[in-house]
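A.B. asks: Here the working numbering is used: the first residue of the sequence shown is 1423, the next is one more, and so on.
Think of the hints as simulated: they come from the structure by calculation, not from any bench. Heads up, the beta-carbon is just placed ideally off N, CA and C, and yes, glycines get one too. One or more of the hints may lead you astray.
[Unchecked claim] Pairs of lysine-lysine, DSBU-like flavour, derived with a Cα cap of 30 Å: (1) Lys1542 x Lys1556; (2) Lys1444 x Lys1586; (3) Lys1481 x Lys1556; (4) Lys1613 x Lys1556.
[Unchecked claim] Quick list of the computed label-pair ranges, beta carbon to beta carbon: (5) Arg1683 x Ser1538: 39 to 47 Å; (6) Asp1479 x Asp1675: 17 to 25 Å; (7) Met1642 x Ala1671: 18 to 26 Å; (8) Glu1509 x His1547: 13 to 21 Å; (9) Ala1671 x Glu1520: 38 to 46 Å.
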Amino acid sequence: MKLSEIMQNGRTAFTFEIFPPKKDMPIDTIYNTLDGLKGLKPDFISVTYGAGGSAADTKTADIAQIIQEKYGIEAAVHLTCLYNSREDIDLICEQLKERNINNILALRGDFNPKASCEPKKDFLHASDLIAYLKTKGDFHIMGACYPEGHQEAVSLEADIDNLKRKVDAGATHLLSQLFFDNDAYFRFLEKARAAGITVPIEAGIMPCTSKASIERMVTMCGASLPAKFTRMMARYESYPEAIKEAGIAYAIDQVIDLISRGVDGIHLYTMNSPYVAKRISDAVAPILNPHLKGTD
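Take these sequences, add in the hints, and give me the full structure.
C.D. replies: As structure tokens, then:
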């Protein structure tokens, strides 16, 4: 199934993201995570790009195949182009076809000063990769978006112009970077729609369950922290269990507000924690697509 078939009939998609085991860990360590997620019935699970960072590393594709064949859940793979040549992308596409993986989140990827090779020159932008993937088979291709602008963009408007290039190149579904301010997301959404971007845009939500995770994520993506969030973190930062529960509660509140305002979908960054994903899923299940469940 392609994800375009899921995003139909006005329903709110509910999707997860997981990451592969570390490079020195066996692939079957992912089973504990997937065993905990399967009962939550997400519309799809995306798998981030493998730690090996090369076309020879099939861990991402292998996990996506496990998700579909063992757990019966639609899967999507992340695919970056910064360190991949055209030949590398060709090989990866063949690997995906062999595993019956139809869904790709196409990304440029981040510069890694510790990478074992220099960036390649075949694809300078995610839009270049998306256009090339359209020639490689009948894939459903997604793109990433940044509600508060990519850190390298000169402005949010310039970033939305780049996003429109991704859609024009063939992306038919967008997943947002994490954010903590729903109003910032809806301001971005309004600008994106005004720019002619009509494809579904899922809102990326990451429950921050420790002070370290908050600091790491804000450094990586530049998300702003609303006063409500910073007060909560300041009060509980010295109490690990309290900050974990506060982070889950904040994410639940975000998701409920997003759904009530008609968001296309929720993409939950699970950080491979079935406990956190279940807490959020159970809390929002009664309000997720109630018209399809026959509820009031």
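A.B. asks: All hints, please: hold or fail.
C.D. replies: Consistency of the hints with the structure:
| no. | hint | in the structure |
| --- | --- | --- |
| 1 | Lys1542 x Lys1556 | holds (20 Å) |
| 2 | Lys1444 x Lys1586 | violated (34 Å) |
| 3 | Lys1481 x Lys1556 | holds (23 Å) |
| 4 | Lys1613 x Lys1556 | holds (26 Å) |
| 5 | Arg1683 x Ser1538: 39 to 47 Å | holds (45 Å) |
| 6 | Asp1479 x Asp1675: 17 to 25 Å | violated (38 Å) |
| 7 | Met1642 x Ala1671: 18 to 26 Å | holds (23 Å) |
| 8 | Glu1509 x His1547: 13 to 21 Å | holds (19 Å) |
| 9 | Ala1671 x Glu1520: 38 to 46 Å | holds (43 Å) |
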